[in-house]
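Let chain A serve as the given structure and place chains B and C on it in line with the hints.
Chains as they are written, first to last, in this note's numbering: chain A, 54 to 330; chain B, 6 to 268; chain C, 7 to 272.
There's no promise every hint is true.
[To be verified] In silico lysine to any residue, SDA-like type, Cα no more than 20 Å apart, as pairs:
| hint | chain 1 | residue 1 | chain 2 | residue 2 |
| --- | --- | --- | --- | --- |
| 1 | A | Lys-239 | C | Gly-113 |
| 2 | A | Lys-239 | C | Arg-108 |
| 3 | A | Lys-239 | C | Leu-102 |
| 4 | C | Lys-205 | B | Pro-261 |
| 5 | A | Lys-239 | C | His-122 |
| 6 | C | Lys-205 | B | Leu-263 |
| 7 | A | Lys-239 | C | Arg-153 |
| 8 | A | Lys-239 | C | Gln-152 |
Hints in this document: simulated from the structure, not taken from any laboratory.
All figures in this text were calculated on a predicted structure; none of them were measured in a lab.
Single-letter residue listing:
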Amino acid sequence: MRRFALRFLRSPEGMVGLVLLACLVAMALLAPFVFPRDPLSIVGRPLIAPFTDASLPLGTDRLGRDVLAGLMHGARASLLVGVFAALVAVAVGTVVGTVAGFAGGLIDEALMRVVDAFQVVPAFLLALAFVSVTGPSLPVIVFAVALGAWTGPARLARAEVLSIRERDYVAAARAIGMHPAEIAFKEVLPNALPPVLALVSVIVASAVLIEAALSFLNLGDPNIVTWGSMIAEGRNVLRTAPFLSIVPGFGLVLTVLGVYLFGEGLVEAMAHRRGRQ
Amino acid sequence: MTTTLATLRGLSVSYRREGAQTFALRDVDLDIATGGRLAIIGESGSGKSTLALALAGLLPPEASLAGTIDWPGLDHVPVAGRDIGMVFQDPGSSLNPVLTIGEQVSEGAVRHLRLGRATARQRALDLLARVRIPQPQAALAAYPHQFSGGQRQRIAIACAIAASPRLLIADEATSALDMIVQAEITELLDTLVREDGMSLVFITHDIALAAKLADRIAVFRDATLVEVGPARQVLARPSQDYTRSLIATHIDFSAPRLIDERA
Amino acid sequence: MGEPFVTARGLRKVFHSRGRDVTALDDVSFTLARGETLGLVGPSGSGKSTLARVLMRLIEPDAGAISIDGEDWLALRGRALRQRRGAIQMVFQEPLAAFNPRATIGGALDDPLRIHGIADRADRAERPRRIAELLERVGLPAGFAQRAVHEVSGGQRQRVAIARALATRPALIVLDEAVSALDVSVRGTILELLADVQKSDGIAYVFVSHDLAVVRVIAHRVAIMDAGRIVETGPTPGVIADPQSAMGRALVAAVPRLDFGRDDGA
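So here's chain A without its partners, still in its complex pose:
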């Protein structure tokens, strides 16, 4: 495990990703302490340009709200949705994939057709439809994003399980009379997990973007500030105050980049470990 961490830190992608993510997490965690006031409250004159007022370094928006406070509080929403949506998607996906691959036959057919059904609808449309029906709130958005993301892990887990199912150690577990459920979840699933975990970074990145897009369309949680809603806000004054869209846009780009590079570093460190065996 320590060697794994060392290898990860030695890869340039992993290192850059880690630094970016650490900054984001720090922003999200520090936001309530640095800006204890509601970031949606008015703190000054509207449309102060960035770097002109020392107390409001990134300026204010159309309603005179602090852009820096919005940026930091917005990181919370992005990271929360990204991480929890990925957790739900991977958990549901691996369980469905494992059951389908391990049980085979009709159960496999049925579950995989459900996966197909979810996969033919674009993830964003699925989330959009779900949120517009149930009404926007953070848990709903997490669920809506996961709805379009669990099929990838499910397919991958199933493919892994199909190959692991034929290994001798699974035959050995059957030979000692182990219950099929115990074989599936104790012998097969943990070994099917590593390639699925490599998908996590992609899911987190797309979850962050979907959440932003939902907020941009005013389908985000109205009670919290998110980068997507900030960009939507800034769109109205894009010609006169482009920074209002650029600043949160920058946050999004760095988040997605950080998550992606971090994932690359993990995959690389993992590949190393596998290659040595």
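Showing chains B and C alone in chain A's frame:
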């Protein structure tokens, strides 16, 4: 009377792993005679496969090599594929699944002998016939998965000798096969080497196979050369305890049975 | 010696692959007595591994019957089958592939003990003691229980596999090429261990191998397989001395003799 194809002096191969240096081969002196058949015997971790890679110049870049390999029998540094043919344990992974047998067998001839397409095809056909693939004409257009393990190994041998190498290295080339196919492949290697006057380095863990095929035997253990000599001498009068124990633990029809006969 | 322990009658199995039917078992019948070793020998693709797995109920045959200790082995289902599996255990060719890559040796031995409640009734503390006993039985130190399976050598791993098979106190162990992947010097010691266990515990073996010389060392009787059929069967020394089938003759001829060098040299 015999000339030397290759001379290894003080050959060491080591890898640096987590700060420590581990030797895969340590201070090996060995000669390979032109037209000779040298068997390299050893158990897992003895360094026998590293020796094959070092000879063929195919060591991974992180390996550090000390000592010398000279080729007095050649007028140039040998190129793997042209001067040295290699046959590995698993023909399933040494053959490319998406290329036809014809493409793979003629590839060596095209690249190293600069043959034209038609001549190379004819040569591939001859090679497949030589390794006794049934219906070589049809086999040219077929893919590896259409053949059994034994036939795939024959095809891998055809690839290895396509450019008429001076040295053929067979690294555990028969250990993934069943006894009957193993006997056939050993027989085939014997014939090919004899007909073409190739030198053979035959790497195996099975001392009886070595006895069948080789005129010299080198025994390796824990990265070092234990003993080397004419096959008959090493087998009949081994000078080292380890060689004696290898011979003693070999199981053939004269090995003692471990069970009582039942009524 | 009375009723045979295992009786197999008319076993048949056809695999469908790439639109072709491959007959892996074709009307296979045999018997096995308690404490006896039957060698199953044949080239690759002769059906010997399929037969081993059918016997283990890892593959279901298309037709035929197997009775074990007078009971219809193929009729068992679900929980009843899982409970009865303890009586028949298996050792695989590749000791590394036969264990969960994450398993420790102690954990791998604990599973069968837990599932079959071997040491459960008395108390929990009984299980580590029983694991130590099993390790000792196969010639490994008790401290090995803490180690990961992938940390030990191939021969030691195969000893752990034998210990796992012994954990359920079976009456039959199916050994599928159990010594083929091991170093030559280790092979002999594993065969000795198997013979020793058989003598003390009276366990029957089905010993699958492509190497007739190894089978001769360990098996009382041998069945030679070719293209899904048993083509010859009899006491091992007799079959080797005078094989009746073409496959028997080919297998005998394929064993290389250690005849101290070639005599055609220069």
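Quick rundown of the hints versus the structure:
1. A:Lys-239 - C:Gly-113: Holds: Lys-239 (chain A) and Gly-113 (chain C) sit about 12 Å apart, inside 20 Å.
2. A:Lys-239 - C:Arg-108: 10 Å, holds
3. A:Lys-239 - C:Leu-102: 18 Å, holds
4. C:Lys-205 - B:Pro-261: 16 Å, holds
5. A:Lys-239 - C:His-122: 17 Å, holds
6. C:Lys-205 - B:Leu-263: 10 Å, holds
7. A:Lys-239 - C:Arg-153: Measuring from Cα to Cα gives roughly 19 Å; hence the hint holds.
8. A:Lys-239 - C:Gln-152: Status holds; Cα separation ~19 Å.
Of the hints listed earlier, there is not a single one the structure fails to meet.
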